[in-house]
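Visitor: Protein chains in written order, with my numbering: chain A, 1 to 323; chain B, 324 to 716.
Take these hints with a grain of salt, some might be off.
[Said to hold, decoys possible] Straight line, CA to CA, 35 Å or less: simulated DSBU-like cross-link-like pairs of lysine-lysine:
hint, chain 1, residue 1, chain 2, residue 2
1, A, 107, B, 610
2, B, 643, A, 216
3, A, 304, A, 83
4, A, 126, B, 610
5, B, 360, B, 502
6, A, 216, B, 650
7, A, 210, B, 650
8, B, 489, B, 712
9, B, 489, A, 31
10, A, 50, B, 610
11, A, 31, B, 643
12, A, 265, A, 83
13, B, 610, A, 168
14, A, 31, B, 486
15, B, 712, A, 210
To be clear, the hints were calculated from the coordinates, so they are not data collected in a lab.
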Amino acid sequence: MWRHCLLPGLAVWLAAAAPAHAYIAYVSNEKGNTVSVIDTDSWTVTNTIKVGQRPRGIEFTRDGKFVMVAVGDDDTIQMIDTKTHEIADTLPSGPDPELFTQDTTGKILYVANENDNTVTIIDIAKRARLGDIQVGVEPEGMTMSPDDKILINTSETTNMAHFIDTTKREIVANVLVDSRPRFAQFKPDGSELWVSSEIGGTVSIIDPVKHAVTGKIEFSIPGLRREAIQPVGIGITKDGKTAFIALGPANRIAVVDAATHTVTKYLLVGQRVWHMAFTPDEKYLLTTNGVSNDVSVIDVASQKVIKTIQVGELPWGITITPQ
Amino acid sequence: MFRWLAAAIGLALISPFALAAEPVEVNIGYLHHAGIKETLSLIAQPADNDGIAGARLAIEDNNTTGKFLNQHFNLDEVRLKSSDDVVKAAQTLAGHDGFIIADLPADELLKVSDALRDNGTLLLNAGAIDDRLREEDCRANVIHVAPTRSMLADALAQYLVWKQWKRWLLVAGSHDNDKLYADALRRAATRFGAKIVQERTFEDKGGARRTDSGVTLIQRQMPVFTQQAPAYDVLVAADESEVFASYLPYRTWDPRPVAGSAGLMPTSWDAAHDQWGAIQLQNRFVKLNSRRMTALDMQAWTAARMIGEAASRTNSGDPKRLADFIKGPDFSVAAFKGQPLTLRDWNLQLRQPILLADGRMVVSVSPQEGFLHQVSELDTLGVDRPETKCKLH
């Protein structure tokens with residue numbers, strides 16, 4: 001928050017008097033080859049940045065200075081300078097990077113490269129490639145355990161969550177889940193790993209110590225056939241109590257009691273809802289809706305959709321200012 | 324034995340924490356004919372390794388997964404010459420393979436399935452689209468990965484009806500397969516509310532598909548052949564024999580689109596399909612085979628992946644256990660079609676969305692929105708449970 005007030009070059013902040021709790025969201029538009037910049041106070045798109053081809057995975061660096069965006073068809077990750085909105089640099093990923101994750105210090109980046117069954121390890125500051133880890137067919141979902149010790153990668157055709165020891169940089173366990181695992185997310189206390197299976201239509205709950213599936217969240221929406229329910233993005237609140245799961249072409253977000261793993265509500269959002277991000281104060285959750293080319297804003301406390309913001313073509317990923 | 328041991332040691336080194344302790348070998352046979360079908364368009368000419376190239380990629384994919392589970396997959400190819408005995412070849416394969424992916428004509432597939440009836444080998448039909456193999460001639464030891472003619476015709480009909488192109492001029496070839504395709508198209512028209520305003524037959528009088536000044540002649544023949552038709556919206560051609568359909572687009576007497584065996588074609592796969600993660604598969608295929616992926620390649624890929632999927636889900640390589648799992652209610656396979664593919668338990672046909680492609684792009688994917696079904700919208704394509712003539716046991 002303060003950092004952004006102090007940044008001199010931000011037109012947004014000069015144009016509008018800055019009320020408390022306004023953040024900046026960056027949305028990757030897969031087909032538009034752009035990144036839309038959203039001000040979470042006015043809920044408007046304040047800028048559209050041209051990036052490389054097929055932007056998907058998108059995340060802030062921990063220091064908030066850059067937004068990293070994987071541009072798969074250009075085989076690289078671009079770094080957008082958050083002050084100037086220019087592409088300042090690139091990171092040497094492998095071919096067709098899609099999703100990535102970083103450790104808590106923000107030093108090391110792990111990238112899933114869909115085309116060659118590898119996870120690439122990158123030193124962010126040095127912009128240098130440190131190595132590769134061989135994983136299953138079509139690696140996609142990436143997440144880090146809260147203690148930085150275990151990296152999770154999911155592979156879409158192998159249908160596994162691979163547990164990778166970050167010190168040894170090798171696979172220590174593999175857990176089979178339902179078809180086409182897309183996204184992985186630890187509970188904030190590290191007690192559970194959640195993995196969404198797009199084609200299987202479920203979210204697997206995995207015990208990260210026993211490396212075993214202990215439960216599955218299933219979804220059922222009256223009037224919708226089962227095949228249309230395709231879970232992808234997952235968001236869990238910091239207190240670990242509530243989870244939100246994007247259901248793709250079902251055009252809904254499932255609200256889940258994270259303790260009992262039961263669905264409590266379905267929220268209708270835009271079409272083909274894919275990924276999501278909380279504002280740092282967790283007041284709002286923003287979801288990307290690919291087919292309707294918009295972002296839905298969910299009020300987390302009341303669990304209601306309060307706003308829809310038109311963005312670029314096929315919005316895919318989203319990231320919001322760290323603080 | 325020694326090779327097997329070496330492989331097992333190698334696997335153990337790659338994945339010391341594999342789920343399964345016991346190494347598992349899964350052997351899959353691939354039975355098809357040598358020789359290439361002649362097509363009107365040079366670019367439609369199948370490659371020498373059409374089909375098996377897809378199976379090879381699936382074996383690679385299965386083995387990537389397999390290294391985490393201590394499972395290893397092998398493919399044994401038998402390429403029949405015209406003089407070879409297909410039953411003998413199948414029996415030899417069945418000696419060491421629990422599964423045979425078959426790209427054979429309907430009659431040969433039936434002979435093979437009857438010969439292997441008590442042997443425990445599961446056949447996966449990757450090539451034959453004949454409905455009768457899933458109906459009156461269905462067999463309990465054959466799973467059908469290839470779509471049927473009726474599924475293809477229904478997929479096309481749904482789109483044409485959605486497009487409000489409901490008046491069809493049906494032109495069928497004079498060979499048996501062309502007639503079967505025309506039957507499927509007639510059935511589809513009735514099911515989905517299209518009207519065939521007239522039917523014409525294009526007689527195959529022989530002649531070469533390659534000539535030096537063919538274009539000049541065809542340009543005169545096709546308008547004449549299609550003139551004086553009643554008012555119609557779309558010409559639907561049934562020409563599996565590759566005699567005339569590809570000559571029709573841009574040459575009809577009335578300016579009308581062409582569909583069926585040319586123009587807009589229903590297919591299980593197209594080299595231009597890139598939705599639902601398909602681009603990854605297309606890229607892997609091109610990298611391995613230095614050419615684009617065809618429908619037959621995809622059908623063979625899916626067949627081999629079904630076996631791999633069953634092996635990883637059951638953590639087993641036992642052919643009977645895998646076959647039971649594939650035929651059971653918990654089986655599904657992901658094949659880049661946006662939804663899980665499952666088996667129709669009444670005739671062992673794989674349910675699948677059908678692409679509609681024009682040779683350059685995927686135009687649409689059926690089932691179309693609004694064609695409803697009480698079980699699965701995929702069952703609006705092809706012969707449904709209440710209509711089936713199949714008795715599996």
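Visitor: Which earlier hints turn out false for this structure, listed by number in ascending order?
Guide: 11, 12 and 15
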